[in-house]
Amino acid sequence: MSGSLVNALTLQVITGLQLGAIYALIALGLTLIFGTLGVVNFAHGALYILASYAAVLVAGHTNFVLAVVLVPVFLFLVGIVMERGLIRFFYDRPHTDQILVTFGLAIVIQEALKWAFGANNIPFPLPPWGNGVVFLHEYLPFLEGFVVFPKWRLILVGVSLLVVVGLFLLLQFTTFGLTVRAGMREPDMMRFLGVDVTKRFAVVFGLGALIAGVAGVFGGPITQVSPEVGMAILVPSFLVVVIGGMGSLPGALVAALILGLALSFSAEYAAVQQIVVYLIAVVVLLVRPRGLMGKKGVFE
Amino acid sequence: MGRSPFAADLIAVGLFAAVVLTMPVWIVWIGGYEALATKIVIWAVFALGFDILLGFTGYLSFGHAAFFGTAAYTTGLCLKHLSADILPAFFITGGVSLVVAFVIGLLTLRRSGIYFSILTLAFAEMLHAAALSILQAYTGGDNGLTMHTKPELLGIRMEGLNVFYLAAIVAILGFFAARQIKRSPFGLMLRAIKENAMRLEYTGVNVWAYKMAAYMISAMYASLAGFLMVVLEPYVATKFLHWSTSGEVVIMSVIGGVNTLIGPMIGAAFMLYFENVIQAFIGEQWRLVLGLVFVLIVIFLPGGFVDGFNRIRRAVGLGGRERHHNVPDAPAPVRENRGDRAARQPGE
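Protein chains in written order, with the numbering used here: chain W, 1 to 300; chain Z, 1 to 348.
In isolation and in its complexed conformation, chain Z is listed as follows (with noise of 0.2 angstroms):
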C-alpha cells in the first residue's frame, strides 16, 4: 500500500465515474434502459447519503423518505409555481430540507437503537399523513402533485440524457465526499460513535453534535436524489413519503453491504434492475422475491454483496478484505472477543 490515501480516493472514484458514465451504454446490454440507468444512479445518491448515518453511525433510521419526499415536494412546487429552471428549486430545497432535517433529528437524535428507528419512521409518516390531509390543497393529495411543466437548467432542457448526466456528476461528486468523509478526523468520529458513544462522551467529545452533523449530511444526500427523482419526472407520488420508500433505502443499503459506500449503491443498482428487468420475468411476485432476498442476507451474509464478494476472494485465496470494523487500530484480542459482531448499543 504505497499509495496515498488521497491517491486511492482519486483512483476509487475515477473507477467509479468510468463505470457510472458508461452505464447508458452497458445496462442496455443486460435487458435495461436509459431511463433505468437514471433512476439507478438517483436511487444511488439516495442509498450512499444513508449509508454516512447507519454505516458510520449506526443510526438506523427508517424515515428517511421524509427527506426525500419533502424535497420532491419542495422541487415540484417551485418547477411548477415559480420557474421551470431547477436552479432556483435546487436552493430552496435545500434550505427546506435543512430544516425539515434539524427539526426531525432534534426530536429523534435523542434517542438512540430501537427507539430512534421508530421514532424517525413516526415522523415520516406524519409528514405522509400531513400531505394527504392537512396540506392536500398544495400537494395534490392522493393523486400526487401534477404539472405540465417541462424543466430545463439555464435554458437547456432536462431530459433524456440531460438527467442522467446531471445526476451522474452528483452521484460522482457525492461518492468523493463521501470518501473525504470518511477518511477525515470527522469521518472516524462518527465512526466512534457507533464503536462506543458513552466513552466518547466521557472524554468530552459533543456527541450529539456529530450525530446532527451526520444526519443531516446523510438528509441532504436524501434530498438531492428526491430534487433528481422530480427533475427526471416531473411529478411528485405519494409514495415518496411513504414508510415503503424508507423500507427500500434500508432494503439496499442492507443487501449492498452496510458501511462500505458503494455496497449501498451495488445495492440501489441490484433492486431497480430486480424490479424493472428481472420483473418480467418472475411477474408480480418479485417483491416477495426480494423479501426473501432480504431476509437471507440479513441472517447470513449481514455484510452484504460487498462481504459476500470478498468472502468469495478469500476462498479462492485472492485475499479480499474481512469484513472491516470501525476502530482500524483496536488491539487484537479486543478483535477476536468482538467476533463478527458490531457494538452493542451503549446504556443497555
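Next comes chain W alone, as it looks inside the complex (with noise of 0.2 angstroms):
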C-alpha cells in the first residue's frame, strides 16, 4: 500500500472516531435512562448544549479545568430535578406524553438560552493546553511524511473513552452498577424481590445528564454553542440509539463508531454526507429491527 493512501485512510479512521465520540456519549446517556426507566429524553440534545453555555461561561470568569470539573455536576444536579421535579411523575402516563413534556422541556430549554445569550453562535475559546495540532507522524511510525490533527478533536476522542471505560466500571463492579444492569434486564423481577427501581433510578437519569455535560464541555468548541444545536444533535443521536438496539450501551457505541466512520469517509461526497446516516438507519432498520445489539422482545 502507498504511504498515501495508509496516511488518508489513518486521518480518516482518527476523524471518524472523534465525530462518533460526542454521539457516542448523548447516545450512551439516552440508552441508560430509557434502559432503566422507560423514557425517552428528547430534552437530551438540550442538556447538551446548556452544559456548553454553562461551560463558556464558567470558563470565561475562571479557567477551564474548573469548567470540566463543576459543569458536569452541575448538569447531574440538573438531572436530579428533572427526574424528582418533574419526569417521575410521567412514568405512569402514556409514553405519548413523556415525549411531549421532555420535548416541552426542550423547547423551554432553548428559548431560554435564547434569551440570555441571543440566538447565535457565541465563541468558545479553546484553553491554551488544548490549541494547536498533534504530530501524529511522531507517535505512529506507519505513517510517511507529516501528518498532524488537531489537538482539541484528540483530547475529545480521549475524554470521551474515558467517560466510556468510568461507565464500563462503575455498571460492572458496583452494587450500584448490578442494581442497574439487573434493573434494565428485568425490571418486572426486579420489583417483585422488592427493588423499588424508579426511585433506585433517579441517580442514573443524573448520570444520564453528567455524561451529556461532560459531552457538552469538550465537544462545544467543535459543534458550536448556539440554542438550536441541541436538537440538531438529538436526532442523530437517536438514530445511534435506534441502530444499536434501544437500551443497549455496548450497542450504542458500536453504531456511534458506525456512524462517525460513516460520515468521515463520505466526507469527499459533501452531498452523501448529509443523508448516508440515515440511510444507515433505514437499512438497519430492515434487516435487523431490533437494531444491531438490542434485546430480543424489545420493541421488535
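Because the hints were derived from the structure by calculation, they are not lab data. Since the model is a prediction, treat every value here as computed from it, not as a measurement. There may be inaccurate statements among the hints.
To be verified - In silico EDC-like cross-links for lysine to aspartate or glutamate, where the CA-CA straight-line distance does not exceed 20 angstroms:
1. Z/150 with Z/85
2. Z/80 with Z/233
3. Z/80 with Z/142
4. W/114 with Z/275
5. W/199 with W/188
6. Z/80 with Z/152
7. Z/239 with W/228
8. W/114 with Z/284
9. Z/239 with Z/284
With the hints as a guide, bring both chains together as one complex.
Printed below as a string of C-alpha cells:
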C-alpha cells in the first residue's frame, strides 16, 4: 500500500472516532435512561447545549479546568431535579405524554438560552493547552511524511474513552451498577424482589445528564455553541440508539463508531454525507429491526 | 339526544363553517389581519389531519413536516416550471404525497410508541437534509424555492380573500370528512388500535392496513396544507421540512385537545394568533412563553383547551363532557380502573 493511502485512511479513521465520540456520549445517556426508566428524553440535546453554555461561562470567568469539574456536576444536579421534579410524575402516563413533556422542556431550555445569550453562535475559546495540532507521524511510525491532527479533537476522543471506561467500571464492578444492569434486563423481576426500581434509578437520570455535560464541555468548541445545536445533535443521537438497539449500551457505542466512520469516509462526497446516517438507519431497520445489539423482544 | 348522528354532524359542521367563513371579519376586531386568517385555516387543516393519526390511533408522529414540506416543494416546482394554474400542481402534489407517505409509512409503522416517534422524526429530518444537499439544484438549498409565479385557478388570480375561501372550503370539507371517519366503523377500528392493538390483531384484524390507511389520510391533510401554503405565498422555505414544523403541529394539537378534531384547530388558531399578535406585546420571548404554556398543559391539562372548557362547564354545573376515552361502551369497572390515563402501548 502506498504511504499516502495509509495516511489518508488513518486520518479518516481518527476523524470518524472523533465524530462518533459526541454521538456516543449523548446516545449512552439516552439509552441508559431509556433502559432503566423507560423514558425517551427528548430534552437530552438541550442538556448538552446547556452544558456548553455553562462551560463558556465558567471557563470565561475562571479557567477551563474548573469548568471541566463543575459543569458535569451541575448537569448531574439538573438531571436529578428534572427527574424528581417532573419526569417521575410521568412514569404512569402514556409514552406519548413522556415524549411531549420532555420535548416541551427541550423547547423551554432552548428558548431560555436564546433569550439569555441570543440566537447566534457564541465563541468558545479553547484553553491554551488544547490549542494547536498534534504531529501524528511522531507517534505512529507507519505514517509517512508530515501528518497533523487538531489537538482538541484528539482530547475529545480521549475524554470520551475515559467516560466509557468509567461507565463500564461503574456498571460492572459496583453494587449500584449491578442493580442498574439487573433493572435494565428484568425490571419486573426487580420489582417482585422488592426493589423500588424507579426511585433507585433517579440517580441514573442524573448520570445520563452528567455524561451529556461532559460531552457539552468538550464537544461545544467543535459543534458550536448556539441554542439550535441541541436539537440538531439529538436526531443523529437517536439514530445511534435505534441502530445500536434501544437500551443497549455496547450497541450505542458500536453504532456511534459506525456512524462516525461513515460520516468521515463520505466526507469527500459532501452531498451524500448529509444523508448517509439516515441511509444506514434505514438499512439496519429493514434487516434487523431490533437494532444491532437490541434485546430480543424489545421493540422488535 | 334525539338527533341522528348525521344531523349532529351537519349542525357541527354548519357552526364550524359559519365561524370560519366570517373569520376575515372578526379576526380584525381582535387585532389580526386577513392573511393571518388564511394561515390559521391552513394550519388548522394540517392539525386536523394530525389528529386523525394521533387522536384516533395514538401514534405520535414527530415527522409530519415531511408531508407538509414535500407537498410545498412539489407545488412550488409545479407552479414555477409547469403552469401558474394550481390544478395540475394539486394533482401532482397529491400523487407525490401519497407515494412519500406510503414509503415512510412502510418504514415507520412497523413500530409503535416511542420508536415510531423517533423514526418519523428521523425520516423527516432526512428529507430536510436531502433538500439542503443532494436535491439542492431543485429546491434552491438554504434560500428556499423562490419564484415569480402568480398562482391562478382557471384564470382567477389566487390572492387575498380568494386563497382564504379556497382554504376555508378545504377546511370545512376536511372537518366534515374527519367527523364521518370518526363515526364510521373504520374510525372505530382506528380508535380500537389505540386502546389495544394486540387484542385487535388476535381477533384477526389486519391492524397494519388500518394504521397505514390512517397514516396516509393524515399525511394527505398535511399535504393539502403544504399545497395551500404555497398558493398563499409562492415561496417554499426550508423550514417547511424542518423538525420545528413537525413540532409546531404537535404543540397545536396538544394544547387544543387531542382526539377532539376541533381542539387541534383551536390550537392552531391560538398558536398563530400568539405568534403574530401577542408577540407584539411580549416581544421575542413569545416562543419561551409558548413552550411554558405547552409544558404546563401537558402536565396539568392533558386534554388541552377543549378539556379545560368542559371542566369549567362541569364546575359551574352545565354538565360538560368528561374527557372521553376511545371505546365508548367500556363497562364501568374498566372505566374506573383506567382512571384518566390512556391505554399503555402493547408489548412493553
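### Query
So which of the earlier hints does this model not fit?
none
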